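Going down the list, the sequences are from chains A, B, C and D.
To convert a position in the first sequence, counted from 1, into this note's numbering, add 6.
To convert a position in the second sequence, counted from 1, into this note's numbering, add 3.
To convert a position in the third sequence, counted from 1, into this note's numbering, add 1320.
To convert a position in the fourth sequence, counted from 1, into this note's numbering, add 19.
Hints are computed from structural coordinates only; laboratory data are not their basis.
Incorrect hints may have been included.
As the list claims (entries may be wrong) - Among the chain A residues that face chain D by a calculated CB cut under 7 Å, a handful are: (1) Val-201; (2) Ile-204; (3) Val-205.
Note that the structure is predicted; figures quoted are calculated from it, not measured.
All residues carry an ideal CB built from backbone N, CA and C; glycine is no exception.
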Amino acid sequence: MIVTQALDVVLLLLLVMTAVAIARVKDLFATVMLSGIYGLLSASFFVLMDAVDVAFTEASVGAGIFPLLMLAVLSFVGRYEADSKRRVALPVFLLTLVSGAVLLLATTQMPAFGGEDTPAQQHVAVRYIEDSPQEIGIPNMVTSVLASYRGFDTLGEVLVIFTATIGVVVVLLGVVQPGKARSLPADEDMADHKVLRIVGKMLIPLILLFALYVQFHGDYGPGGGFQAGVIFATGIILYAMLFGLSNAQRVLPMPLLRGLTALGVMIYGSVGVAGLLAGGNFLDYSVLASDPVSGQHLGILLIELGVGVTVASSMVLIFYAFSLTTSSDGSVER
Amino acid sequence: MDFFNYWVVIALMMTGLYIVMAQQNLVKKLLGLNIFQTAIFILYISVAKVLGGTAPIYTESATLYSNPLPHVLILTAIVVGIATMALALALVVRIHGAYGSIEDDEIRDRSKQ
Amino acid sequence: MINHLPILQVVLPLLAAPACLIFVRARSIWLFTCLACLLTFGISVALFIHVSDVGPLSYEVGGWPAPWGIEYTIDSLSSYVLLLVSAIAAVVILAANSSLGPELPERQQPAFYVLFLLCLTGLLGIVATGDVFNVFVFLEVSSLATYALIALGRQRQALWAAYQYLIVGTIGASFFLVGIGFLYALTGTLNMSDLSERLVEVEQQQLLAVAFGFVVVGIALKMALLPLHGWLPNAYAFAPSIATTFLAASATKVSLYLFIRLYYGVFGAETVDALLPVSIVFLLLGIVAVLAASLVAFRQSDVKRMLAFSSIAQIGYMAVGIGVGSTLGLQASLLHLFNHAFIKGALFLAVASVVYRTGSSQIDAFRGLGYRMPWTMAGLVLASLSLIGVPLTAGFVSKWFLVLAAIESGLWVVVLIVLVGSFISLFYLWKIVELAYSKSDSEANTNEAPPLMLIALWVLVIANIYFGIDTRLTVGASASAAATLIEGAPW
Amino acid sequence: MLEQGNIVSHICLLVGAFLILSGGLGILRFPDFFTRMHAAGITETLAATLIIVGLMIIAGWGIVQLKLFFILLFVMITSPTASHALAKSALHGGLQPKVKNVVDGDSP
């Protein structure tokens, strides 16, 4: 327990240092790298706090997708901040300082960290911990809560991704149904990176295989549709980076991805409606099979599939959109 | 020691908020927002931790588990966060194309024209 | 079947949004969206009737009982707001196809409809749910859709407005998340009714105050209460006109609903006011908003912007109603929430018609339109009268109740403010009307807005007059909702 | 406690940790980009290998050991590739290695 607490202090202090560095460094490229480190540090912290599923997600998002998108943006907007006006905004600084102090005082009333008898541990959570292995029949309680008890939140989450994807595509490309693939000049640049291409060819199948493992192993260990979707998308994005966007689009054209993004939401929603038609409530999986536990199994499998499909196709689609947009495409005054 | 995690949460929140409000660069503001959101994640996950407990995956040997509910909430929040970031970055790219700048004050000047 | 309506209310537009992508042509997607919105409206009507005849409905999503699963609760307040939002959506979407024509290239229109449905889903979800974290999720669905909708505007300022709103909106939602995080740490639950029961036993007063503070500030950002309104004028001015119409009539209203729901229904107004001076702050900010925003509106040369500042002023009236603190005050707020949606919907739709014909929303573009677009301008005049609060219009009813509430509580200042605010709005609206009916140089050949836009506009205008004359529905529903919230009395 | 395997694994972990530390020092102290990359790339491949081997010994025969083995394989492939890509793009970007012995720690 001492080790846990010592690590806790070290990791959190490192996080604060990284955050302050992000605030102070002017080179945007460096700050993006720092925010990748920040993501990795927080993921490590989440492992320490027993939140393995969260850590998995944070590692793939905070240290993976987010810096990747940031780098894509920096290639448009340039690397350095304008530094003519270097002023510390004193009022803002004081405001944050004062509100921080007030909050510090208030947090001393928080239930003590790590206690077993805090309200958060005592009330709703008890059922998830004690009954979910029997009620749902899968060992990973996070998956049980995510997919079944609070399955509607997760449907909302998938909807958020869908919304963002539609938004990104229409903002960057101006269309949801784009025409033919454009070939990028950058495609040829990668041709002399033989080593990268060969290693990539070795790794991509493994990455995709690992994504499937994470997808279907989420009931038993950390993982699930979201993490699997991100990993799958990473494989495709790696392919697109190494072998050119036009090749990637031949495998996964944009209209297909767009359809898949919507399809994932539809799969999720249809499982809910199926529960309704089978005589239960919306998203009630117990009525999907003859006995409740196998019904839960089936329901969770299907909705995780929906999540995976939407997430994977959205991430690839967002990557395409950032790669295909040209910053001065004359569509300023659309 | 009981409240150290929460103090760090507040320090991170305020750092993030400061970056969002005080920095002029649009990309930097988003990095600040990211710090702020991660601070919230740390808050929730700290609330969920039970000292001496294990990850909430049922095993024969364990009896004490950390609370799975905040984990679920934060999984959702992380996804919401990255979705927001993606949209924000798309807007930044377009703003750069339209204004030729990603500095707050310059854009404000040019908006008025 | 009636039992499943609470969830279908949200799931129908939710599933309609991705299903839109099946269609290819913008026109068929529009027809499909219209159908979805009409069905959603039908469900909300059925829910409203059921709730007022039989009583509140509760729905356990996934079949899990309340504090463990997510609960949907439809009581008199939520059915009232659901009815409002889905009615506005159904009317506004009728006009969308015509209005978007000149404002958005056809290849971008499918995305508009998908985002419109997603925004509607989010707003309905916030209103229908009985779980605070579920509120956050749907808040983000509607917010993300809104940012993208605003970014679809023609001018480059639309992008900037969308970015600014994104930053502010995300901070608002994050504050809300922090607040419910603290509440969860103190009570161990996320379910609203469970939360309200367990909050009574919480002893950590300072932390409770901080949690309430985060939640209130977060929601106030989303509803553009005066010092936090910065995002609103640009967002309304540069979004596509039809998106502005929908957002102005529904989005801030839903944020206000959320505030009322949590402040009265979950936290308890007295509990909060013992810790934080929320009602006094709302009263003061509301008064300042009514005066300052109205004066700023007077100085605008862009009509969309003028109406945006007018919206901030109207949110001020609603805040004043809450600040008064009595049942009657809350009822006035709820009435104004409802009526203002129809007023602003009609006004912005009239402006959308003008933008359709003239391509501009500058006030100079209105010169002589009274002769060229007689029906549109007649609608605009009637809606303006309603905004000012002339008797026999909806706007009068809500202001009348606000004045009654103020007199009841002895707050004569508020009576004065309502009158002064109405006078200022008379002046800035008169600027438009005067120009519209002044003779212009060009020939006065009529060039009316497309029929569907006119129909939508006149539906809203007639609603304004109807709810000004027959007040049974609005007054009855708002009275029962206010009574339920404050006194816990059966509706 | 002090079985043979345990000692070996502890040695592996300690040496690995030391190498990571020295690699970090190298990044800070070496004069130019390529030497810094050398410090990071070389030590980290070995350090990661040692740490994973140490963990494999502790884990004992089973599924965890297999997973660690796969991670090891991944690290052995990706880490040198990453170094290669970095060096190549640095050269491509026009960065030349410093040849003279300059004791200036900062200029890249």
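Structure-based check of all given hints:
no., hint, verdict
1, Val-201, "holds, 5 Å"
2, Ile-204, "violated, 9 Å"
3, Val-205, "holds, 5 Å"
Checked against the numbered hints given earlier, the structure breaks only hint 2 and satisfies all the rest.
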